[in-house]
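Novice: Each chain, letter by letter, is given below.
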Amino acid sequence: MSIILFRPLQHPVSNIRPALRIAVVAAALCGLFGSASAATSPQGAAQFIQWLGDQAISTLGSTNSSLEQREASVRELMRHGFDLQFIGRFVLGRHWRKVTPDQRAQYQQLFASYILQTYSSHLGGYSGESLSIKGAKPAGSKDAIVQTRIVRPSAPPIDADWRVRAQGNQYMIIDVAVEGVSMAVTQRSEFASVIKNHGFDGLLAALRARTDKMPASAH
Amino acid sequence: MVGSNHSSGMKARRAKAAVLAFVLVCGALTTASSTANADFDTGWHAYQKTDFAGAFNAWQPLARQGDARAQFNLGILYDQGKGVARDPAQAIHWWRLAAEQGMTAAEHNLASHFLAGEGGDPDFEEALTWLKRAAGHGLARSQYTLGKIFGYGLGTTRDMKSAVNWMRKAAEQGHKGAQYNLGKIFRDGDGISPNMVAAVYWFRRAANQGHARAQSRLSTRYERGEGVQADNIQALFWALLAADQGEQLAVENVATLRRSMEPADVELAERRAATWKAKPEG
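Sequences listed follow chains D and F, in order.
Take the first sequence: its letters are residues 1 to 219, numbered as in my numbering.
Take the second sequence: its letters are residues 1 to 282, numbered as in my numbering.
Just chain D, with the same shape it has in the complex (with noise of 0.2 Å):
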């Protein structure tokens, strides 16, 4: 029953329970904002941030689960806000064509939980911290910006500027600048250094350590 529900998305999930839940809550956005024309609405990316944004603050500031759970479930809401396929796809430029498929493969797995780690740190949820949009506007002919701004409780403000275009019947975030600078950008210069300097391999390996590291201890 899952599996029919979930195919139309084309996205990896790690099991089948996510992807129905998942799937609802795609519907219901899909309803919320209507059909999808070229060019993506500004207003509507706008209320797609702020709907990630509260998702996170719900998700983490239940007190059900560990934090190092609730940061995973708020991961996998996340997967399905981003077009992974398309961000890892621009990241890795000129080299998407020359590793093998069993390599892509590693490296789209790999990718997706790096980038869903990175970005959905910048969308705030945490004890004491609030997002807010300050503004959308059209970029390019087919994507919104939306600005925001995280106030965060012991560090300074960040203001992440949310690339979002709409696919089909979704919204999807295809990049985000922090403090003006693209991730997307900055990661394709230094994956291409990693691949120069230590292979493609070398590349899995640093992706799969980022993504690796023991969480905090209890005791």
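It should be emphasised that the hints constitute simulated quantities derived from the structure, not laboratory data.
Computed from a prediction, not measured in an experiment: that's the story for all the values here.
Glycine residues also receive a C-beta, built at the ideal position from the N, C-alpha and C atoms.
A hint or two may mislead.
To be verified - For each label pair, taking beta carbons as the anchor points, the in silico distance ranges come out as:
1. D231/F - K134/D: 57 to 63 Å
2. G66/F - G168/D: 53 to 59 Å
3. T63/D - M160/F: 45 to 51 Å
4. G153/F - G168/D: 39 to 45 Å
5. S65/D - E118/F: 23 to 29 Å
6. A21/F - P157/D: 53 to 59 Å
7. A192/D - Q101/F: 35 to 41 Å
8. R224/F - P153/D: 56 to 62 Å
9. R97/D - E125/F: 30 to 36 Å
10. G66/F - T63/D: 29 to 35 Å
11. G174/F - T118/D: 25 to 31 Å
12. G120/F - D54/D: 34 to 40 Å
13. E252/F - G168/D: 21 to 27 Å
14. P157/D - R224/F: 53 to 59 Å
Based on the hints, put chain F in the right spot on chain D.
Specialist: Same frame as chain D, now just chain F:
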């Protein structure tokens, strides 16, 4: 006699004093240690409530006093920029202190830091030093990564014997990535005699835990009858599970299998897949 009585009285008093001193020192140490534990727990509760500044304030004094757990957790706060501005150099400093006290998690995170090369270039040689320690202390994820590094030949010469050795240790502990990789090594005979039965064994253990690529490879073994009795229902069942996780090869195999199978068999595989649940080991 008197002297001896006197002497034994002195001895008794000295013994009493020694016992008293011991009890006092123990008491003081226990109090200090229970205070330290209470402070550590205060930090942990703050951390769980995402009050990272509170966690930082509780853990920093303990870390300075040499508490390895607090040193490790302080490193996490610096590494992730939680409750403090992100500072990888500080993270390394505190993890190194915890690692020097033999904390395996700190050894692993130091290795991960040098492997990740964030903002710079990965340092595979430095990473290998710490990975070997953490893997030697039995941490499965370090053993797996060490297996990968030996297999790739990063910062060292490619050494499939060591790769297989570490991958096997991690796989036996239930690490699904290691089980999948060991399956591939046995399938391809990379640095080891090819053995399709062993490949199926390891693919299956990873597949049961929900590893998408292992499910896809297990499906192929059933389809071709390699290392296992050929069985299209099993092949479709595992392909469906892998395809549901976005495994591209499996998506194609599902289409091919569906065309060649009886509708009743297809339905049986689909029914099994719909109710299947991953069984994580340990």
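Novice: Do A21/F and P157/D keep their Cβ atoms within the hinted range of 53 to 59 Å?
Specialist: Roughly 56 Å apart at Cβ, these two residues keep to the hinted range, so it holds.
Novice: Using the beta carbons of T63/D and M160/F, state whether their distance is inside 45 to 51 Å or not.
Specialist: Because 47 Å falls inside the window, the suggested range holds.
Novice: Verify the CB-CB distance for E252/F and G168/D against the hinted window 21 to 27 Å.
Specialist: Once the Cβ atoms are compared, 22 Å apart, the range 21 to 27 Å for G168/D and E252/F holds.
Novice: Regarding R224/F and P153/D, is the given constraint of 56 to 62 Å on their beta-carbon distance met?
Specialist: Since R224/F and P153/D have Cβ atoms about 58 Å apart, the given range 56 to 62 Å holds.
Novice: With respect to the beta-carbon atoms only, verify the hint that A192/D and Q101/F lie 35 to 41 Å apart.
Specialist: 39 Å, holds
Novice: So does S65/D sit 23 to 29 Å from E118/F, Cβ to Cβ?
Specialist: Check passed, 28 Å falls within 23 to 29 Å.
Novice: Does the hinted range 25 to 31 Å hold for G174/F and T118/D at CB?
Specialist: 28 Å Cβ-Cβ, so the 25 to 31 Å window holds.
Novice: Is it true that the C-beta distance of P157/D to R224/F lies inside 53 to 59 Å, as the hint says?
Specialist: 58 Å, holds
Novice: In this structure, is the beta-carbon distance linking D231/F and K134/D contained in 57 to 63 Å?
Specialist: 58 Å, holds
Novice: So the hint says 34 to 40 Å: do the beta-carbon atoms of G120/F and D54/D match that?
Specialist: For G120/F and D54/D the Cβ distance comes to about 36 Å; the hint holds.
Novice: Measuring from beta carbon to beta carbon, are R97/D and E125/F in 30 to 36 Å?
Specialist: For E125/F against R97/D, whose Cβ atoms are near 31 Å apart, the range 30 to 36 Å holds.
Novice: Confirm or reject the claim that G153/F and G168/D have a C-beta distance inside 39 to 45 Å.
Specialist: With Cβ atoms ~43 Å apart, the hint holds.
The earlier numbered hints are all upheld by this structure, with none contradicted.
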